[in-house]
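Hey, can you work out the whole structure from these sequences and the hints?
Protein chains: 2
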Amino acid sequence: MSSQSSALFTDQYELTMLSAALADGSANRRCCFEVFARHLPDGRRYGVVAGTSRLVSALSNFHFGDAEIEVVSRFLDAATIGWLRDFRFSGDIDGYREGDFYFPGSPILSVRGTFAECVLLETLSLSILNHDSAIASAAARMVSAADGRPMVEMGARRTHEESAVAAARAAYLAGFASTSNLEAVRRYGVPGAGTAAHAFTLLHTTDRTNEAAAFRGQVAALGVGTTLLVDTYDITNGVKTAVEVAGPELGAVRIDSGDLGVLARQVRNQLDDLGATATKIVVSGDLDEYAIAALRSDPVDVYGVGTSVVVGSGAPTAGMVYKLVEVDGIPVEKRSSNKASRGGSKRAVRLSRDTGTLVEEVVYPAHAGAPHPAGLEARELMVPLVRGGVATLDTPTLEESRSYLAAGLVSLPWEGLRLSHGEPAIPVRFADSGSWRVR
Amino acid sequence: MSSQSSALFTDQYELTMLSAALADGSANRRCCFEVFARHLPDGRRYGVVAGTSRLVSALSNFHFGDAEIEVVSRFLDAATIGWLRDFRFSGDIDGYREGDFYFPGSPILSVRGTFAECVLLETLSLSILNHDSAIASAAARMVSAADGRPMVEMGARRTHEESAVAAARAAYLAGFASTSNLEAVRRYGVPGAGTAAHAFTLLHTTDRTNEAAAFRGQVAALGVGTTLLVDTYDITNGVKTAVEVAGPELGAVRIDSGDLGVLARQVRNQLDDLGATATKIVVSGDLDEYAIAALRSDPVDVYGVGTSVVVGSGAPTAGMVYKLVEVDGIPVEKRSSNKASRGGSKRAVRLSRDTGTLVEEVVYPAHAGAPHPAGLEARELMVPLVRGGVATLDTPTLEESRSYLAAGLVSLPWEGLRLSHGEPAIPVRFADSGSWRVR
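Chains as they are written, first to last, in our numbering: chain V, 1 to 439; chain W, 1001 to 1439.
There are no misleading hints in this set.
Computed list of lysine to aspartate or glutamate pairs in DMTMM-like fashion (alpha-carbon distance at most 25 Å, straight line):
(1) W:K1240 / V:E333
(2) V:K280 / V:E244
(3) W:K1240 / V:D24
Short, incomplete list of chain V residues facing chain W, as computed with Cβ under 10 Å:
(4) F33
(5) E70
(6) A199
(7) R335
No lab work stands behind these hints: they were computed from the structure. Just so you know, even glycine gets a beta-carbon here, dropped at the ideal spot from N, CA and C.
Below is the structure:
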């Protein structure tokens, strides 16, 4: 995206609503919009907030230049077009930290300003938060399942080329060790990683007897610390040839197909017998959190994860919505069936025992004081992100958000880390009444 | 993406394989890589090729400038870096037309040139084709289910902001009438559409009794042809108020929640009783191809489709792979379990009866003549896309590809249009042997 305007990552109806509001004088009413999810996908126990700093960055490029004005001029009146030419968001935004959890009803983002300036940010906010949070939420489960073993994100080829970059960032935030995606390395400083391609072996084996030539070429260029791909033909032969070529100092072998648990045990034994006791085993091939967990007792050193992480492992979007909750200080709420929202600007605290274990999240009216029950620690969940249209100075780095989540995962009640379907890890309680629907 | 380099939408291992191939002299071997899908997702009957022209466009920006060189210099040797500085793809690409069908094993793309230049295009090619084809494939099923009623794509908020633009394009290609996404309007000329937002009603109803004020504001600004959103509170009251404010010439009402079939019938009766017989009914809210089909007998005029289309309705990626199939004229193929590929550069024809109904697809060796059984029409499926690194001049427009698919859908055997799980609509046969796996 860089310095390209982000203003057209917007649905047309936001502009037509703006036009109507400017015409009837309601455009300058002070509003609060909130982002929240009505439920977690698929019986998940927690969600992970991601994308916040991408959103703050995109917001700074949200302006209508000539190219953007040309498009909206096709359906907007002159007054609205003139208003848009001068537009810069000048309101305030608070939100959950990147790398924090969210649960059904958590007020993940609070956008405050005039109706006109807030209504325009709906699509951009949701696109970024829904995508990045979906990936981070799936990735965090995989990281838990891997139980300390490093994971490489390698799913770029399975998703849109720009989604891939954001997905690599979100997976790293969630605890992945590295990515194969070079644009994510460049743009976000995610550590890069690469192994070997079947194509390289095939390139050297047109007579089908010379896998060794490929391994020799790779080791000569990349050193014995490289990872050789041993499953192009027969894995046992592949491992034998790999150690013959590279010696027992070979960095790693990669297995990308077959029954990965069985093959990992077999290859580990073979490597050990060949004296390559420090050679690592990298496995890949349709791994998701369940497959990763199933390999926990097998001698796997590194997981390569592709498709499942970049498509959110069954939940490619986080399902967050952006709703008007307050106008001129008065709470408003929709009453549509199954889509009710709760009026009023809100804040939230998360309560924990002195052991650090989370107990519940309490959402309370922004005008009220934060609840702080005796005997529990209470942590405010919303931090200032934008003031008067300008990003606050203390945006955390990606590394800081990554550490924040890693520390947070330790605080979940143990059942919150289960992969099976169930209730959210902690309940969300609304401090002032019980009428809010949370799933 | 515009003129930004696309070279880092690439996995690191493609560069390390390039480095090894340059070092051992294999980099200049003449290669053919092919893109194909081993199976269609989820019992689908056909896939729709999309993204081809985005790929050709991205290819023209695939070069390593200073920013890209800086990143790859961290892990590559000087010789490879020097080679990359001069790199431009100079090979040939053939592929299926955008808007054509594909089936398991269809050689959707054929990339030919040196190993060095072809290996670098794997991730970019797959990212674009896997994403865009997943969306177009899901969207085409929805278009069939809608049975001629127009559909608006409005899913931008549920996916990455750039995926959203490509998804709007793919949905339009597949037969959607329009999109809410303004960047897709700007970049690809997709017709734009917008209705009304709950936030606009809420903005005017802080006393909860004044839905009419919102409708008046909208009609004053946008005319009686606008679409009013009637489900913020009570739908019957909403419809009554809408017609009172706009008169019987009101363009449309939108229902975004509840049992859409029941509500559509009820609202149609109410509108007719109020004399608003030409007022249309737009429905939206978690619609997928099955929900759309279920509304076929109800008085719905327009479908608004969001989440399900932009995430591929259960299949967010098309699962296509990019495989080396030929080196210096010699077929090569991987033998990994369940991931076998079929060696040799290929082409394909699709056979049909003189009624136009498709019979089968035949994939044949590129060096052989096209099969043409007596009594059947045979159409070549691969067209030249790139020659000597340069896009061919006759790239179809988005409108042409859209018409191409619309015509193609008429040629499927009737069971090919079924939404239920099953076999591909037509079989893919390999002309020279039976050893290829096509599940």
